[in-house]
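Undergrad: As a plain string of letters, each chain reads:
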Amino acid sequence: MSVHDLTPITALGATTAQADTVADLTCTEVTDLALASVAARLGQEKNCASTLGKLLGAPPPDAGKATMGTPYTAVWMGPEQWMLGADFGTHEDIATGLKAELGDAASVTEQTDAWTGFDLTGDGIEPVMELLSNINLRTLAPGDAQRTTIHHLGCFVICGDPHAFVRILGPRASAGSLHHAIMTAMKSAL
Amino acid sequence: MTQKNRLSGGQIDRDTTLKFTFDGKEYEGHKGDTLASALLANNVRLMGRSFKYHRPRGPLTAGSEEPNAIVELRGGARQEPNTRATTAELFNGLMAKSQNRWPSLAFDAMAINDRFSNFLTAGFYYKTFMWPAAFWEKLYEPIIRKAAGLGSLSMKEDPDAYDKGFRHCDLLIIGAGPSGLMAALTAGRAGKEVILADEDFRMGGRLNSETLGIDNLAAADWAAQAVAELSTMNNVRLMPRTTVIGAFDHGIYGAVERISDHLHTPDAGKPRQILWRIYAPKTILCAGATERPIAFDNNDRPGIMLASAIRSYANRWAATPAQRIAVFTNNDDGHKTASDLHAKGIKIAAVVDTRPDAPLAENYEVLRGAQVIDSKGRLGLTFAEVKLADGTMRTLECGALGVSGGWNPNVHLTCHQRGRPAWNEALAAFVPGDTLPPGMTVAGAANGDMSTHGALTTGAAAARKALGLKGKAAKTPDAEDAPVTQTPFWYVEGCSRAWLDQQNDVTVKDVKLSHQEGFRSVEHLKRYTTLGMATDQGKTSNMGGLAIMAELAGKAIPEVGTTIFRPPYTPTAIGVMAGRMKGMEFHPTRLTPSHFWAKERGAVFVEVGNWLRAQWFPIEGETHWRESVDREVTATRNSVGVCDCTTLGKIDVQGTDAAAFLNKVYCNGFAKLAVGKTRYGLMLREDGIAMDDGTAGRLAEDHFVVTTTTANAAKVYQHLEFLRQCLFPDMDVQLISTTEAWAQYAVAGPNSRKLLQKIVDPEFDISNDAFPFMACGNITVCGGLRARLFRISFSGELAFEIAVPSRYGDALMRQLMKEGEEFDVTPYGTEALGVMRIEKGHAAGNELNGTTTANNLGMGRMVSKAKDSIGSKLSERPGLNEADALKQVGIKPLDPSKKITAGGHLMNADGPVDAKHDQGYVTSAAFSPSLDSMIGLGFLKNGAERLGEKMRLVSPVTDLTVEVEIVSAHFIDPEGERVRA
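In order, the protein sequence lines correspond to chains A and B. Following the numbering used here, the numbering of the first sequence begins with 1 at its first residue and continues without gaps. Following the numbering used here, the numbering of the second sequence begins with 191 at its first residue and continues without gaps.
If we strip away everything but chain A, and leave its shape as in the complex, we get (with noise of 0.2 angstroms):
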């Protein structure tokens, strides 16, 4: 961990992760974690696989799913690319420890700053995302991952517990109005 002197701030603007509740579901802020993409070279697909494996202790999730290991989860992006995650505090740098596990298996490229993410926990998770996205909520089981579109932007949903986790992921320039949008949600719909 870097021993530097610049303070961070969230997505949102400020020192701290915000937290909001409505009625009995939580939005929580998620500033905790480290984000690195990882596409297999051409021809090193099954090494990179394989490399994952050992670092996720599962294979790496197929389309639509997430793996949730320590410290890495790994959710599919597209053919033979996931996004892995750890926590920030120990894995700040986790592009070039992902790149030192996988060599020439596979480019890594951080994103942990690419993404801000917003916990959903509780009751009403239901009502809220389907003012959201178009995901079908009620077949989402614990482990699905799905790219979705919310308020116009490009996101994650990746459910946890369908009845109480879900953690959304979209683009951090845009936290105000993922933000936003998801506040209206839990006031419209809870």
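Rather than coming from a laboratory, the hints here were simulated on the basis of the structure. From a predicted model like this one, the values you see are computed outputs, not experimental measurements. Treat the hints with care, as some may be off.
The list that follows gives simulated cross-link-like pairs (lysine to aspartate or glutamate, EDC-like), each with its CA atoms no further than 20 angstroms apart [said to hold, decoys possible]:
1) B:K460 x A:D24
2) B:K215 x B:E270
3) B:K1140 x B:D1085
4) B:K862 x B:D922
5) A:K65 x A:D144
6) A:K187 x B:D348
7) B:K1082 x B:E1139
8) B:K1008 x A:D5
9) B:K460 x B:E270
10) A:K46 x B:D922
11) A:K187 x B:E775
12) A:K46 x B:D920
13) B:K862 x B:E891
14) B:K460 x A:E126
15) B:K534 x B:D411
16) B:K460 x B:E775
17) B:K655 x B:E383
18) B:K460 x B:E279
19) B:K948 x A:D5
20) B:K346 x B:E775
21) B:K382 x A:E126
22) B:K460 x A:D123
23) A:K187 x B:D457
24) B:K1089 x B:E1155
25) A:K187 x A:D20
26) B:K745 x B:E683
27) A:K187 x B:D350
28) B:K1140 x B:D1104
29) B:K460 x A:D20
30) B:K699 x B:D304
Fit chain B to the supplied structure of chain A, relying on the hints for placement.
TA: Same frame as chain A, but now just chain B:
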């Protein structure tokens, strides 16, 4: 206050009394009432004035097909015009006003129009307001609009919120009448995901209006029992107050749910309405049928209503339009109305049945083979004139007349994807055709199954078939199954001012006139007469018009055909289509990493796509933006300035073939770019036109960072992905956008290195020797933070772009400002950025405008002949390389105080000013504080050979003519000494 016409029974909550006003007068109703039912209960039949002739009108129907009882609801900013009183739920404090009348509803001065009806027939506007043409927009149209029957807008911002949402199901059922409820019960009991949507606030459809029984229960009670059972099923979602407005592609249906329309004001945070997009692989349309009227002279008086509507008001809402009512029918259904009204204690004046063999009744008189031919009454019906079977006349005293001409299946949604309905001879009506929206089936009255038993049976069967349910079907509840035959009787022979389309004031005579004047196609008929073009979309009128046109043309009705049914099924508020996308949230915004800091500094922001970029940073004492911009430019050129350029697209390109890939993408060479170096690159489209420009820095043998213009970031990324996936799938290349991952700042000016040396960690040498112009590399700053440094310059000064992870961008900017104090560091915005790039002669979006080539931009020699790249071959087309091709040049006014404007055209110093003599045009212009003059960039024919030539810059649009000199596009440091300092 008494409710004089309130009956016993009904499905209203008499324990909850609601107060409301209509045209300022206070009334009372009950929970469960509509505005129309409550007004009728209060003996108010007159609810509006007609569109053209201002004739007094009352409700014709009891549902969403209503053409007449159109009112303004609420007040202030929530004032809503053109709302149907027949569907508006009553709430305490509801304020309603009639519209299209002056000074009052009872005495409307504009009713004078009715006296001139002979002149105001169909086509009147087309014939009368032809001349002079210039009068149309400023005189005729405003007057006509003012006189026409549209309500008024509050002209205030709608204070309510609207939303959008998405729902999925195995089966969508549209309409919760008998067939819809049976379909829902069948599918719901089978465990399928079901959505049952109904526009009414009480599910049950016609069952709520009938006295018939189902399984030994009153129809309404059976419906309530079915709804109660459905509401216990987790797999069934009941959506009352929800109108399915359209059937779209791929099993997607639009549905408007009225969340708060029945409330005085929406609850805090709640939307007024939600537009749902429902994804349904299977749909059953159970939209029922609409009763059709019979046209006769003066059939539009308040009190003349559809017979089924009067029955609904009596049975469901316990309201009656009058205490003495007659019925005019051509079928048995009209007799149901008479029978039910009689049971409620209403005096039946008579049932006038066109059929000679009509059934007789014990409790009231039936006039067989008779017709109502006219009506009387000033502001409402008092007498109906009846022509008896033997030709004699009889006057019936009555305050209301129920008219029943049979029923039309509601086929609208079956036609939303260009399907055509089919003619059913037995019903003399259109029923759904063979081509339905994929996945849709139709059941019940909407499909022509008019009996209750038929609706229940077909609803259940449709659900079983749609979902492929096996096993024995459940028993269909017992219900009436009377055979239904409908003998056409569209209008009374000899009538003239008999109203077909009551909302648009179209008469039988108008249809005849349309035919007479040659507008005989159904589409021409619609447009010439405006039949069916009002907010009710002709639900009660189209069939009558078609029938008359068919008769006049000597054709059968199906030969005349129907117009196309299009969404929305009922009028839909524009607000709900916008949803939450309004005001500042009309589209999402993108904030730069330094946004919050810039806001603190009082920056003025400009929208660049979704980005908000600082345009300039005014300081105390500055009163005009030019003062700020000039200061920012001068300060940067004299010392150092900082600009947030995060918005430029950044694409991470990795892979063993990354260099070879970029060599294909850019028209200039990239294969041999050294690690640690950056190169300017120009991308061409396939057709050889310039697409975008930027830089690509090589961070490793297999790793590049490509930058794009802000505007083209997404487009270039898409382009690269297309090339990677489709044209070069054998290349080992991986792409991902990192635009938002990195906060990137331009640090420009002669002191930029000195400033950065205070930020960049000391182990990184950024001297000119160690880090020359176009160098790039990974570094650390501020004690170890990973960063990237590029020595590139858009301003023409010694400059760098430094990037750190976005979360640190705010802190880095503050640090740069702090460390730069000794150099009077100045933040600059996009205006100063633009000025400096024009001074330097750098092309930007104005020059890369989709018509220009590398040759035009003076970069023709950059297009490498030594390799193949996208667009390089087609850039060699002769047409793009003519001797006098446009070339980018600089433009200066001879008089520095004169203005240069982008968009102006260049003309020779002498000669005509016209398109034929056009020499070129100006693309960018700015005031250059460095040159103390306006300057511009533009394209001039053979421009490279015309430097020093005096020309005229003309802009006929802004009446501008300026004498200019053609100069090099590089106004500042043409030798590039500064950038290499």
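Undergrad: Now tell me if each hint is right for this structure.
TA: Hint by hint, here is what the structure shows:
Between B:K460 and A:D24 the CA atoms are separated by roughly 16 angstroms; this keeps the pair inside 20 angstroms, and the hint holds. Restraint check: the Cα-Cα separation between B:K215 and B:E270 comes to about 19 angstroms, which is no more than 20 angstroms; the hinted pair holds. Of the pairs offered as hints, the one joining B:K1140 and B:D1085 holds, with about 12 angstroms between alpha carbons and a cut-off of 20 angstroms not exceeded. Simply put, B:K862 and B:D922 have alpha-carbon atoms about 17 angstroms apart, close enough for the 20 angstroms limit, and the pair holds.
For the proposed pair A:K65 and A:D144, the alpha carbon gap of about 4 angstroms is at most 20 angstroms, so the pair holds. This hinted pair checks out: A:K187 and B:D348 have alpha carbons roughly 19 angstroms apart, not beyond 20 angstroms. The straight-line distance between the Cα atoms of B:K1082 and B:E1139 is roughly 11 angstroms, inside the 20 angstroms bound, and the hint therefore holds. With a CA separation close to 13 angstroms, the supplied pair B:K1008 and A:D5 stays within the 20 angstroms bound.
The straight-line distance between the Cα atoms of B:K460 and B:E270 is roughly 18 angstroms, inside the 20 angstroms bound, and the hint therefore holds. At roughly 15 angstroms between alpha-carbon atoms, A:K46 and B:D922 fall within 20 angstroms of each other, so this suggested pair holds. For the hint linking A:K187 to B:E775, the alpha-carbon distance of about 16 angstroms falls within 20 angstroms, and the restraint holds. Taking the CA atoms of A:K46 and B:D920, the gap is about 17 angstroms. The hint holds against a cut of 20 angstroms.
Taking the CA atoms of B:K862 and B:E891, the gap is near 10 angstroms; set against the 20 angstroms cutoff, the hint holds. Of the pairs offered as hints, the one joining B:K460 and A:E126 holds, with about 17 angstroms between alpha carbons and a cut-off of 20 angstroms not exceeded. With a C-alpha separation of about 18 angstroms, the suggested pair B:K534 and B:D411 falls inside the 20 angstroms cut-off, and the hint holds. Under the criterion of a C-alpha separation no larger than 20 angstroms, the hint pairing B:K460 with B:E775 is consistent with the structure, at around 17 angstroms.
Simply put, B:K655 and B:E383 have alpha-carbon atoms about 15 angstroms apart, close enough for the 20 angstroms limit, and the pair holds. Distance restraint check for B:K460 and B:E279: the Cα-Cα separation of roughly 18 angstroms lies within the 20 angstroms cut-off, and the hinted pair is therefore satisfied. The straight-line distance between the Cα atoms of B:K948 and A:D5 is roughly 13 angstroms, inside the 20 angstroms bound, and the hint therefore holds. Of the supplied pair hints, the one linking B:K346 and B:E775 holds, its CA atoms being roughly 18 angstroms apart against a limit of 20 angstroms.
Between B:K382 and A:E126, the direct Cα distance comes to roughly 18 angstroms. Compliance with the 20 angstroms bound is thereby established for this hinted pair. Annotation: proposed proximity of B:K460 to A:D123 holds, straight-line Cα distance about 18 angstroms (limit 20 angstroms). Between A:K187 and B:D457 the CA atoms are separated by roughly 10 angstroms; this keeps the pair inside 20 angstroms, and the hint holds. Of the supplied pair hints, the one linking B:K1089 and B:E1155 holds, its CA atoms being roughly 13 angstroms apart against a limit of 20 angstroms.
Using a Cα cut-off of 20 angstroms, the hinted pair A:K187 and A:D20 holds, with the two alpha carbons roughly 11 angstroms apart. Taking the CA atoms of B:K745 and B:E683, the gap is about 18 angstroms. The hint holds against a cut of 20 angstroms. With a CA separation close to 14 angstroms, the supplied pair A:K187 and B:D350 stays within the 20 angstroms bound. Our distance criterion of 20 angstroms between C-alpha atoms is met by B:K1140 and B:D1104, whose separation comes to about 18 angstroms.
Note on B:K460 and A:D20: the hinted pairing holds, with a Cα-Cα distance of about 17 angstroms set against a maximum of 20 angstroms. The suggested pairing of B:K699 with B:D304 holds, with an alpha-carbon distance near 14 angstroms, which does not exceed 20 angstroms.
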